[in-house]
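Engineer: Sequence:
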Amino acid sequence: MLADPQVMIAIREDGVLRRHAARAVPLEGAERDHFHEVQARRDPAFRGYVEVTTRVIPVVALTVLRLDPERVAVLGAQLRRHHEDLRAELRRLRADPTARRDLRDHCLAFCDNLRMHHMREDGAFTAFEGHDPALAPVPAKLRKEHHVVADVIERITAPADDPDRLRPELDRLEQDLEAHFAYEEAHLG
Numbered sequence: 001m002l003a004d005p006q007v008m009i010a011i012r013e014d015g016v017l018r019r020h021a022a023r024a025v026p027l028e029g030a031e032r033d034h035f036h037e038v039q040a041r042r043d044p045a046f047r048g049y050v051e052v053t054t055r056v057i058p059v060v061a062l063t064v065l066r067l068d069p070e071r072v073a074v075l076g077a078q079l080r081r082h083h084e085d086l087r088a089e090l091r092r093l094r095a096d097p098t099a100r101r102d103l104r105d106h107c108l109a110f111c112d113n114l115r116m117h118h119m120r121e122d123g124a125f126t127a128f129e130g131h132d133p134a135l136a137p138v139p140a141k142l143r144k145e146h147h148v149v150a151d152v153i154e155r156i157t158a159p160a161d162d163p164d165r166l167r168p169e170l171d172r173l174e175q176d177l178e179a180h181f182a183y184e185e186a187h188l189g
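Residue numbers for the sequence shown follow our numbering, beginning at 1 and rising by one.
Treat the hints with care, as some may be off.
Claimed, not checked - Heads up, simulated EDC-like pairs for lysine to aspartate or glutamate below, C-alpha to C-alpha not over 16 angstroms straight-line: (1) Lys-141 - Glu-178; (2) Lys-144 - Asp-122; (3) Lys-141 - Asp-176; (4) Lys-144 - Asp-176; (5) Lys-141 - Glu-129; (6) Lys-141 - Glu-185; (7) Lys-141 - Asp-122.
By construction, these hints were calculated from the structure, which means they are not laboratory data.
Model, not experiment: these values are computed from the prediction.
Just need the whole structure built from these sequences, with the hints factored in.
Structural biologist: Now the structure itself:
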């Protein structure tokens, strides 16, 4: 969390659990003490934690991503940059025929990056929906596509003795991602 403060949180709203992108910031000093006390009043067990340890119990503030028109433009540009980075990474991965032995390791690293990208997007979509409710069908379609891509990633990252089996899966991943990225950029970017 200290290295990467972007987190995904779930909040129940009107009886529905919704995922949100948020930023986690550890609190310090008087601010930390104040919010620890607020939490301890809500749940006295928090006082008990302090009594059984010598360390300072961390308190983290979570700020949910909210959008205004300027932030939407910035996020759109950032989204396109992330997609270009992922496209370039996938091209490099597929282009090097000498990397047969290392292909699986490269695939695992790429797939981890892609999973993280989609996790963050899923939370950001909630902010887009709140900013413009008419966009609701777009994030719904993109979330479904994230599941399709996750299935391909699952096949790619499954243990296998034959690295050549990865090539057709990478071909499929590239096709699925290109269509997914193009739709997302056209509607959100």
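Engineer: Check each numbered hint against the structure and report the violated ones by number, ascending.
Structural biologist: none
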